[in-house]
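Participant: All chains, full assembly: derive it from the sequences and hints.
If you use my numbering, the sequence shown corresponds to residues 1 to 484, in order.
Don't read these hints as lab results, they were simulated from the structure. Please read these numbers as outputs of a predicted model, since none were measured by experiment. Do not take every clue at face value.
[Stated by the list, open to error] Below, computed lysine-lysine pairings styled on DSS-like, alpha-carbon distance capped at 25 Å: (1) K351 - K339; (2) K306 - K241; (3) K53 - K144; (4) K337 - K409; (5) K144 - K197; (6) K439 - K409; (7) K351 - K380; (8) K409 - K339; (9) K351 - K337; (10) K253 - K306; (11) K253 - K197; (12) K380 - K337; (13) K241 - K253; (14) K197 - K227; (15) K390 - K439; (16) K53 - K86; (17) K409 - K384; (18) K236 - K197; (19) K306 - K339; (20) K227 - K144; (21) K227 - K253; (22) K86 - K144; (23) K390 - K337; (24) K144 - K207; (25) K380 - K409; (26) K241 - K227; (27) K339 - K384; (28) K253 - K236; (29) K409 - K351; (30) K390 - K380; (31) K207 - K197; (32) K52 - K86; (33) K390 - K351.
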Amino acid sequence: MLHVKLSVVFFLALSVVSVGAQDFHQRIRAALENRDYAAASAELQNLQRADKKVFEVNNYDYLLARVAQRRGDFAAAMANYEAVVKRNSVLREYALWHLSQVARASGNLMLERVYLSELLTTAPSSLLIPAAQARMARSNFESKDFDAAIRQLSAAGEPLAAITDSRSKTVAAIVPAGEPSRENQVLIGQSYLQSGKTNEAREVFTKLLTNLPNPAQPDDFALIAAKSLDEMDSEKGAFGKTAPRLADLEHFKRAKIYQFNRDFADARLHFIAIVERYPQSPNLAESLYQIGRGYTQENNFNEAIKWFERVVAEFPEDAYARDGLSQAANAYARVNKPKEALTRYQRFIEKYAGEENSERAYLNIIDILRDTGEDTDAVKWAQKTREAFKGGLPEALAVFAQARVHIAKNDWQSALNDLNELQTFPDLGGTRVAGATNKAEVSFLKGYALEQLQRFSEAIDVYLSIPDGRAEYYGWRATERLRA
Numbered sequence: 001m002l003h004v005k006l007s008v009v010f011f012l013a014l015s016v017v018s019v020g021a022q023d024f025h026q027r028i029r030a031a032l033e034n035r036d037y038a039a040a041s042a043e044l045q046n047l048q049r050a051d052k053k054v055f056e057v058n059n060y061d062y063l064l065a066r067v068a069q070r071r072g073d074f075a076a077a078m079a080n081y082e083a084v085v086k087r088n089s090v091l092r093e094y095a096l097w098h099l100s101q102v103a104r105a106s107g108n109l110m111l112e113r114v115y116l117s118e119l120l121t122t123a124p125s126s127l128l129i130p131a132a133q134a135r136m137a138r139s140n141f142e143s144k145d146f147d148a149a150i151r152q153l154s155a156a157g158e159p160l161a162a163i164t165d166s167r168s169k170t171v172a173a174i175v176p177a178g179e180p181s182r183e184n185q186v187l188i189g190q191s192y193l194q195s196g197k198t199n200e201a202r203e204v205f206t207k208l209l210t211n212l213p214n215p216a217q218p219d220d221f222a223l224i225a226a227k228s229l230d231e232m233d234s235e236k237g238a239f240g241k242t243a244p245r246l247a248d249l250e251h252f253k254r255a256k257i258y259q260f261n262r263d264f265a266d267a268r269l270h271f272i273a274i275v276e277r278y279p280q281s282p283n284l285a286e287s288l289y290q291i292g293r294g295y296t297q298e299n300n301f302n303e304a305i306k307w308f309e310r311v312v313a314e315f316p317e318d319a320y321a322r323d324g325l326s327q328a329a330n331a332y333a334r335v336n337k338p339k340e341a342l343t344r345y346q347r348f349i350e351k352y353a354g355e356e357n358s359e360r361a362y363l364n365i366i367d368i369l370r371d372t373g374e375d376t377d378a379v380k381w382a383q384k385t386r387e388a389f390k391g392g393l394p395e396a397l398a399v400f401a402q403a404r405v406h407i408a409k410n411d412w413q414s415a416l417n418d419l420n421e422l423q424t425f426p427d428l429g430g431t432r433v434a435g436a437t438n439k440a441e442v443s444f445l446k447g448y449a450l451e452q453l454q455r456f457s458e459a460i461d462v463y464l465s466i467p468d469g470r471a472e473y474y475g476w477r478a479t480e481r482l483r484a
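Facilitator: The structure is reproduced here in structure tokens:
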């Protein structure tokens, strides 16, 4: 990307090239196209010595500065950027911006602000102004000048969309009046907090939690706000260990923000606070469930089981008891307790048969029975699944599960029967459904079953019927079988 930018700078800067400078021009261009920045730098310096007027008129010093910055020669970069600024070049504002970046990279935030201030003052209509204003505020924040940071961040609204689209013909007001962006609000809140203005900080962070762009998907700024409020509300030494004492709904609000952003440990502190401090809370059942879900996401299935079981036992008629029972069964299967898993899946079927996604319990039972070597019972459950979901996708999944049982037993004739039947189903699930299949896989397995039955002519015909190509995995597998 930088190579492209340097090339653009080269062509845009070029306006007048004397006949004697043409050779330099061609060599510089070739070096940039080959990304040979050392050679480009040498040629630029040679041109500067040979014809200083052409060098300056064509803004080659700006290009030399960019090349030097690319090579890490920051002293040379700053010297050439300064030259561009001093003679008031058309590229002056860009030179100031890069000077501020070099100063920042060296850790000199004060010098960075000097250059940014000059840019803001001398080029108020520049497209660099939004970035310069944002960086000025952050530079003050990083320098712990929080009052200045608050003033600058409060004055900056959201950048206009037109600014982010360089192809647009429209150049509107650079930073419109209006509310600061959520990112700026976070920095304002942190500035207030760092400067000891806790009431103002609390107001900003609370607003970030209340005014979510999408309440169902709290963003990173809401997460920072929740964590900042927790730190403010916690007793000394308790932050991150126990939840502060809050109202039930406030605990729940912060917990959901943490949970969505996969900060399960901090979410758990608030959910547990609801369980322990508010036994009559309307959010108690969900809190128990979410604690278990957090442990599941951390692959701590033994702990997850305890909380899912509590949901089922304490709130048997709650909507979360349904998911808790299913999740408990899955967790038992993950910790190698198949009997407990089967018991809960069967209880799920008895209580929630016919409800949405109830087929997963049937299919999971088949998988557990197959994995534990109970092949006969696995086939029986496949038949039960077919009867319960006749004509639907779950029936196709049950037939496929049954085929896998027969393949594992080397019962190739039964497997072939299943695979032939699968080819009659209009929908096999594909990649959108767990445990599903597709026509190419079914055809490959059919060819393999025929091969094992030594019906080679039929197997070859099936293998040849499977499309081959770059994205055709089973076509490749079929080709390999044909070669064998």
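Participant: Now tell me, hint by hint, if it's right for this structure.
Facilitator: Here's how the hints hold up against the structure:
1. K351 - K339: 18 Å, holds
2. K306 - K241: Between K306 and K241 the Cα gap is close to 21 Å, so the pair holds against 25 Å.
3. K53 - K144: Measuring from Cα to Cα gives roughly 45 Å; hence the hint is violated.
4. K337 - K409: 23 Å, holds
5. K144 - K197: The given pair, whose Cα atoms are some 14 Å apart, holds under the 25 Å limit.
6. K439 - K409: 23 Å, holds
7. K351 - K380: With a Cα-Cα distance of about 20 Å, the restraint between K351 and K380 holds, given a limit of 25 Å.
8. K409 - K339: 22 Å, holds
9. K351 - K337: Answer holds: K351 to K337 is near 22 Å, not above 25 Å.
10. K253 - K306: 24 Å, holds
11. K253 - K197: 24 Å, holds
12. K380 - K337: Within the cut-off at roughly 21 Å; holds.
13. K241 - K253: Given that 25 Å is the threshold and the Cα spacing comes to 18 Å, the pair holds.
14. K197 - K227: 17 Å, holds
15. K390 - K439: Roughly 20 Å separates the two Cα atoms, so the pair holds.
16. K53 - K86: 15 Å, holds
17. K409 - K384: Status holds; Cα separation ~20 Å.
18. K236 - K197: With Cα atoms ~18 Å apart, K236 and K197 stay inside 25 Å; holds.
19. K306 - K339: 17 Å, holds
20. K227 - K144: Holds: K227 and K144 sit about 21 Å apart, inside 25 Å.
21. K227 - K253: This hinted pair holds, its Cα atoms lying about 12 Å apart.
22. K86 - K144: 31 Å, violated
23. K390 - K337: Between K390 and K337 the Cα gap is close to 30 Å, so the pair fails against 25 Å, i.e. violated.
24. K144 - K207: Cα-Cα ~23 Å, so holds.
25. K380 - K409: The given pair, whose Cα atoms are some 15 Å apart, holds under the 25 Å limit.
26. K241 - K227: Holds, because 13 Å separates the two Cα atoms, which is no more than 25 Å.
27. K339 - K384: With a Cα-Cα distance of about 19 Å, the restraint between K339 and K384 holds, given a limit of 25 Å.
28. K253 - K236: 23 Å, holds
29. K409 - K351: Cα-Cα ~33 Å, so violated.
30. K390 - K380: 15 Å, holds
31. K207 - K197: At roughly 16 Å apart (the allowed maximum being 25 Å), K197 and K207 satisfy the hint.
32. K52 - K86: 15 Å, holds
33. K390 - K351: Distance of about 20 Å is within 25 Å: holds.
Checked against the numbered hints above, the structure violates hints 3, 22, 23 and 29; every other hint is satisfied.
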